[in-house]
Amino acid sequence: MVQYSYFPGCNLKTDARGFEKSAIAVSKKLESELVEIPNWNCCGTVHTMTSDNLMKRIAPVRILARSRNHIEELEDTLNQAVTLCSMCNSTLKIVNKEMKEDLDALETINFQLEEDNETYENDMEVKHFLEILRDSVGFSKIREKVVKPLIGLKISAYYGCMLLHPDEAKIDDAEMPSVLEDLVESLGAESIFSPMFKHCCGSYHIVEDEDIVTDQVKKITGDVLSRGANALVVACPLCAYNLDQQQKMLMEKTGKKDVLPIFYFSQLMAIAMGEPWEINHFEDHKIDPRELLKKLKIEE
Amino acid sequence: MSYEYIKFGPEERDFIAKIEEISGQNIYSCYQCGKCSAGCAFSSRMDKTVNQLIHFIQMGQKDRVLEANTHWVCSSCLTCSIRCPREIDVAALMEAVREYILREEPEKVKISELSKEVIEKLPNIALVGNFRKMTG
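Just so you know, the protein sequences line up as chains A and B, in that order. Residue numbering for the first sequence follows this note's numbering, starting at 1 and increasing by one per position. Residue numbering for the second sequence follows this note's numbering, starting at 1 and increasing by one per position.
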């Protein structure tokens, strides 16, 4: 059993708990266990693009320092911090690269961390769980563990921005990625390409200008539906919330009937690998994916 | 064709220098190809497109830059940054304009005016992300 130092981030404990629980369950089944970093803090969600503000970089560096300490307690592990949320993935990867290149900045931040008897030696790598699945576990091993192939699911992969941007953080080719498609196909589902795969969902604008997000969600789901897909797979809790909640809102306001349930990739894996249903927490979704799964006779 | 005389003095140069300092980018690397605006998911909502805003920064036209909504509509998806043929981190320029404003007026979004209902409904990833971008 390989163990990975795993950083959950804020949403995996609240709105996206089904994402975390299903990912941990399948990680054990694939003998690549995700073990949570003790005493972690928020990464800051969005990476600061300013060149003159170190303060906003302290939180992610502290996570990397704690992850480095954490791997001492793990078995058969690597110097890797693993994330599930794509925004955490991006923030941690960018800061990690900056700290490897700018030793003066690292020294200044370490001066702050030392107040808590912590220091970061910039010897960690940040990985998204999808990279572990593709590069360390392999899709053939995932295919072997499938007990309930997802026949009838026509899934469009929605990568969002932060899995593919910027170069420091991308987990796949930024203009033509395939990791999510390969994953859902190894689970027995059909993958449907949509050019909207990284058309931004509107992200944090949901707080102050919901219309921006509504427009984006209309464009994304409209295209995906026209290509015959019946579900979307995502890796970002904010994409998931925006797509799910806005479709529900449009359904109530306009009577729109065609909707796409949103799955986290780990939920699809958990279903296909025969994990207990409850861990997916489908009751948290605004558009209940269980209806589609029942129709396709994937859920009994 | 109409012409407009613009002022280009120390004040304009200071503005350019500040944006370059915050973003770490060379504003004159941009040759106005417009690829950033063409691929931007939000161009239709911007009163000046991304390359237009950059042009106004290049000319030091601070008022025109600050009155635009471009940098506020930008959601930092970074599509422009990875596609720029001049390898400019375009999104960092948008961030620099936001920061330039927020360092003086730190509340583009007034957290105290958000309703309890909104705060309870939204996931923390949205709230933290928004406050990091819209408050100083």
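Do not rely on the hints blindly, as some may be mistaken.
One-sided and incomplete, this derived list gives chain B residues near chain A with beta-carbon spacing under 8 angstroms [as the list claims (entries may be wrong)]:
| hint | residue |
| --- | --- |
| 1 | Lys-18 |
| 2 | Ala-96 |
| 3 | Glu-99 |
| 4 | Ile-101 |
| 5 | Met-134 |
Straight line, CA to CA, 25 angstroms or less: simulated SDA-like cross-link-like pairs of lysine to any residue [said to hold, decoys possible]:
| hint | chain 1 | residue 1 | chain 2 | residue 2 |
| --- | --- | --- | --- | --- |
| 6 | A | Lys-219 | A | Pro-177 |
| 7 | A | Lys-286 | B | Val-118 |
| 8 | B | Lys-62 | A | Ser-51 |
Source of the hints: derived by calculation from the structure; they are not laboratory data. As the structure is a prediction and not an experimental result, all values here were calculated from the model. C-beta: ideal position from N, C-alpha, C; glycine also.
**Message:** Of all the hints numbered above, which does this structure not satisfy? Sort the numbers upward.
**Reply:** The structure conflicts with hints 1, 4, although it agrees with all the remaining ones.
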